[in-house]
Structures are given as structure tokens and as C-alpha cells.
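J.: Top line first, the protein sequences correspond to chains A and B.
Taking our numbering, the leading residue of the first sequence gets 1, the next gets one more, and so forth.
Taking our numbering, the leading residue of the second sequence gets 1001, the next gets one more, and so forth.
Hints in this document: simulated from the structure, not taken from any laboratory.
Keep in mind that a hint or two might mislead.
Derived, one-sided and incomplete: chain B residues facing chain A with beta-carbon distance under 7 Å [unchecked claim]:
(1) W1010
(2) K1012
(3) Y1146
Within a straight-line C-alpha distance of at most 25 Å, the following computed DSS-like cross-link-like pairs (lysine-lysine) qualify [as the list claims (entries may be wrong)]:
(4) K124(A) <-> K113(A)
(5) K1012(B) <-> K83(A)
(6) K62(A) <-> K41(A)
(7) K11(A) <-> K83(A)
(8) K113(A) <-> K142(A)
(9) K41(A) <-> K11(A)
(10) K19(A) <-> K124(A)
(11) K1012(B) <-> K107(A)
(12) K142(A) <-> K1162(B)
(13) K116(A) <-> K142(A)
(14) K124(A) <-> K107(A)
(15) K62(A) <-> K1012(B)
(16) K64(A) <-> K142(A)
(17) K124(A) <-> K1136(B)
(18) K64(A) <-> K83(A)
(19) K41(A) <-> K19(A)
(20) K64(A) <-> K1012(B)
(21) K1012(B) <-> K116(A)
(22) K64(A) <-> K41(A)
(23) K113(A) <-> K85(A)
(24) K1136(B) <-> K85(A)
(25) K1012(B) <-> K124(A)
(26) K124(A) <-> K11(A)
(27) K83(A) <-> K62(A)
(28) K64(A) <-> K85(A)
(29) K62(A) <-> K85(A)
(30) K142(A) <-> K107(A)
(31) K142(A) <-> K124(A)
(32) K1162(B) <-> K113(A)
(33) K1136(B) <-> K1162(B)
We treat Cβ as the ideally placed atom computed from N, Cα and C, and that holds for glycine.
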Amino acid sequence: MSLSIGYLTPKQLQIWDYKRTGLQEASIARELQVSRQTVHKAIGIAHAKIGESLEETARINKIKIQTVNPHRGFLLGYSPHFKTKTLITFSTQNGIQVWYKHEGDCKNCERLKECKETLIAEAKERNLDLPTDCLPSDYADKLFSAITGEKD
Amino acid sequence: MSTGGKIVDWCKIPPPAPKNDRKKLLASVILCAILSASIFAGLSIYSILLAGSAGSLAASGTILSIANLGQGPLYLQNATYQQIAEANNATIQNYDLTMEHIANNGSSILYFSATGFNGAETSATINSTIINLGDKDLTAISIDIYRGNNIFAQINGPFFIKAHSVGSVILQVCNLTLLSKDEAQLITQFRHEGESDATIFAGRVMYPMTLITLENITASYETFVFPTAYVWSNCA
Chain A
1 MSLSIGYLTP KQLQIWDYKR TGLQEASIAR ELQVSRQTVH KAIGIAHAKI GESLEETARI
61 NKIKIQTVNP HRGFLLGYSP HFKTKTLITF STQNGIQVWY KHEGDCKNCE RLKECKETLI
121 AEAKERNLDL PTDCLPSDYA DKLFSAITGE KD
Chain B
1001 MSTGGKIVDW CKIPPPAPKN DRKKLLASVI LCAILSASIF AGLSIYSILL AGSAGSLAAS
1061 GTILSIANLG QGPLYLQNAT YQQIAEANNA TIQNYDLTME HIANNGSSIL YFSATGFNGA
1121 ETSATINSTI INLGDKDLTA ISIDIYRGNN IFAQINGPFF IKAHSVGSVI LQVCNLTLLS
1181 KDEAQLITQF RHEGESDATI FAGRVMYPMT LITLENITAS YETFVFPTAY VWSNCA
């Protein structure tokens, strides 16, 4: 168990992922052939661990916390050092990721492909349809607005 | 969002450090060097004058003294309190997960939550959030930390919790290695018996904490610390 996967066990991660997609606890229990109580307990543990991991990441990166939402797997904050909004996301595919809002240059960035793949995986997990021919900055804008419910 | 051809959006790579900061940093370093030289010289004379008398140094009223009351090698250090934001009901929503427990206790003025973390060290940091939704400033006189039913550590105030404010108490719990042996045994026992135990949650030991104010308002929370036996510590 490591910080990058929110200190979750594979089973807790699976149950959290099911729950996030909107599956009821009873349905998750049926799917995994365990009791509903076990699912309920695992979800509680997963939320606590994810919340801690997001906050720990914020502290490591010296980010002032504004909102933490372990249910949806994100932390919104502000980096006094970089003087910019910061978002920390958690997903089963990408684990913990830190994002900064600033003037980027996606077209000339050497991490364009990697960034795009990360965002597409993040969107898929959250059942969001994104067009395939955009720059990561466009993906990120749509995706993170949907995750946090914030509009610029 | 587009601004003059450049894109302002989310990026994995952090922005470059603001250039002004570098100049400010250089200026600060020079200023600090001059100041520390003069303070050092001044303190030498002052300490000779004060020799023999007990004194304490308080930084902005945020450093709290800590009394270690209980048995065991665990000790606490570096406790600070800092107001971080204005509070309103939306703030409570943001801390929904940790506040749920307290809300059930019926306290509608003062909310207290704590998060202990780190998985592989001999120290743990506990970050406690204090939210005062009331219209009056409060004076915290103590945070009592329990091990089981016994109080084993105490963070002494006073520190002030402004009305409608969110604050943060951060403290370090050091030397967990030896303590973990006892706690690890508890967990093993818990797992063997497969029964619920009030002091253990998700493989972590719970340390209940209670915040007490001069105005007779209290708020409690159970915080968590990972019991581990790895040797790595940033404790002094």
C-alpha cells in the first residue's frame, strides 16, 4: 500500500470504484459476493484513506486546502509558492495526480502524449465522453469542471 | 481559457517560480544576515542579564506547550495553531467526512477533527481542524489526548479561536517504533478474533482527542496514527 494508490488495498480500491460509478452497496455486494455490511465498511475505510492521501499530498506540495472530496476523489487548493490554483485527483487508473492552473504550452510540451493519456483514462473512469482530437488543456478544462463542479 | 494566444489551463508541470520572488529572496537573505548578526549580538548580552531566570519564547502566540503525561516512549512536539480561513456552513460541507462524527455529538458551535497519517515512519503528523461557527471568539485551554480511557498527552493553550473561523493545529507524534509493538499486538489480536474493537480502525490505532475551551465548550474526535516499525524519523 502506498500513497500513490491512496493506501488502499486492491479490494478497497475496487469497491470505491464501483461506488463512485453510482453502484448501490447491495449491488456491489452481489457483484463481489460479500455482505452489504462488508461493502459499507470498506467504503468508509476507502473514503478515510483517500481523504488522508489527498491531504498528505497537499501538505507535501505545500498546497493550501480549499475543498476535499474523497467520494469523488479530488482536492482543490491553492499553491502560495506558484501563486496558482491546484487540483489533486485520485483515480484507480492514475492514482494520485497533481495539476496546476497556469499558462501552459501544450503543443510544444514533451509530455503531451503522456498527459493526454492520463486525462483520457481519468475521463473514462468517470464516465465522461471527451472528443479525441483536442489538446490536453481542453480535456483538462472539461474534465476538471465536471469533477469539481467549478466553472471558470 | 485563452489569453492572448497562450492557454491558461490545468497542467501537470508546475509553473515557473515567480521571478519577483527570486529578487525578494535575495533581498531577504541579505536582510536576514544583517538582522541575525545584530540579534545574535544583542541576545548574548540579554542572556547574560537574564541568566538564572526561566523564560519562554512565544512566536505569534501560536506555539503551544505540551505536557507528556502518560507512559510509553511516544512524545509530541511542534504543536502550532493557525487560523486559515473564514468559516461558514459551506466549510463544514468541505470537511463533511471528518465532521460527521462530531455533528452527531450535537455540538453546533465548535467542530474539531483530526487526521493522523503516514505509513512507514517512526513519526506521524496529526493535523486537527478547528471550526468555530459561533458568533463569539473562544479561548482553547487544552487539547487532551487519550490512550484508551487514560489521558496520556496534553497540549496546553491558551490559543484563540476567532468567531466564524477555520484553524489548524498541527503536531508531530514522535518515536512510534516502540509504541507500535504494543499496538501491533492489539491489531494481531483483533484480526485473530475478527471482532470489532473501539480502539482500532482500518489497521490503525485511534487516539481520541478532546478540545476544551475557557467558555466550557468541548469538542472531541478520534484521530488515527499508523503503528509501524520502520526506522525513519524527522523528529528532533
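J.: Now tell me, hint by hint, if it's right for this structure.
T.: Verification of the supplied hints:
1. W1010: holds (4 Å)
2. K1012: Since the shortest Cβ distance to chain A is 6 Å, the answer is holds.
3. Y1146: violated (20 Å)
4. K124(A) <-> K113(A): Judged against 25 Å, a Cα distance of about 16 Å means the pair holds.
5. K1012(B) <-> K83(A): holds (15 Å)
6. K62(A) <-> K41(A): Distance of about 32 Å is beyond 25 Å: violated.
7. K11(A) <-> K83(A): Violated, because 38 Å separates the two Cα atoms, which is more than 25 Å.
8. K113(A) <-> K142(A): At roughly 18 Å apart (the allowed maximum being 25 Å), K142(A) and K113(A) satisfy the hint.
9. K41(A) <-> K11(A): Roughly 12 Å between the alpha carbons, so the hint for K41(A) and K11(A) holds.
10. K19(A) <-> K124(A): holds (15 Å)
11. K1012(B) <-> K107(A): It holds: about 14 Å lies between the C-alpha atoms, which stays within 25 Å.
12. K142(A) <-> K1162(B): violated (38 Å)
13. K116(A) <-> K142(A): Judged against 25 Å, a Cα distance of about 13 Å means the pair holds.
14. K124(A) <-> K107(A): Answer holds: K124(A) to K107(A) is near 23 Å, not above 25 Å.
15. K62(A) <-> K1012(B): holds (16 Å)
16. K64(A) <-> K142(A): Status holds; Cα separation ~23 Å.
17. K124(A) <-> K1136(B): Not OK: K124(A) and K1136(B) at ~48 Å, beyond 25 Å, violated.
18. K64(A) <-> K83(A): Holds, at about 11 Å.
19. K41(A) <-> K19(A): holds (12 Å)
20. K64(A) <-> K1012(B): holds (18 Å)
21. K1012(B) <-> K116(A): Distance ~11 Å between K1012(B) and K116(A) Cα, so the pair holds.
22. K64(A) <-> K41(A): violated (30 Å)
23. K113(A) <-> K85(A): holds (23 Å)
24. K1136(B) <-> K85(A): Violated, because 32 Å separates the two Cα atoms, which is more than 25 Å.
25. K1012(B) <-> K124(A): holds (19 Å)
26. K124(A) <-> K11(A): holds (20 Å)
27. K83(A) <-> K62(A): With Cα atoms ~11 Å apart, K83(A) and K62(A) stay inside 25 Å; holds.
28. K64(A) <-> K85(A): holds (9 Å)
29. K62(A) <-> K85(A): Measuring from Cα to Cα gives roughly 12 Å; hence the hint holds.
30. K142(A) <-> K107(A): With Cα atoms ~18 Å apart, K142(A) and K107(A) stay inside 25 Å; holds.
31. K142(A) <-> K124(A): holds (13 Å)
32. K1162(B) <-> K113(A): violated (48 Å)
33. K1136(B) <-> K1162(B): holds (7 Å)
Checked against the numbered hints given earlier, the structure breaks hints 3, 6, 7, 12, 17, 22, 24, 32 and satisfies all the rest.
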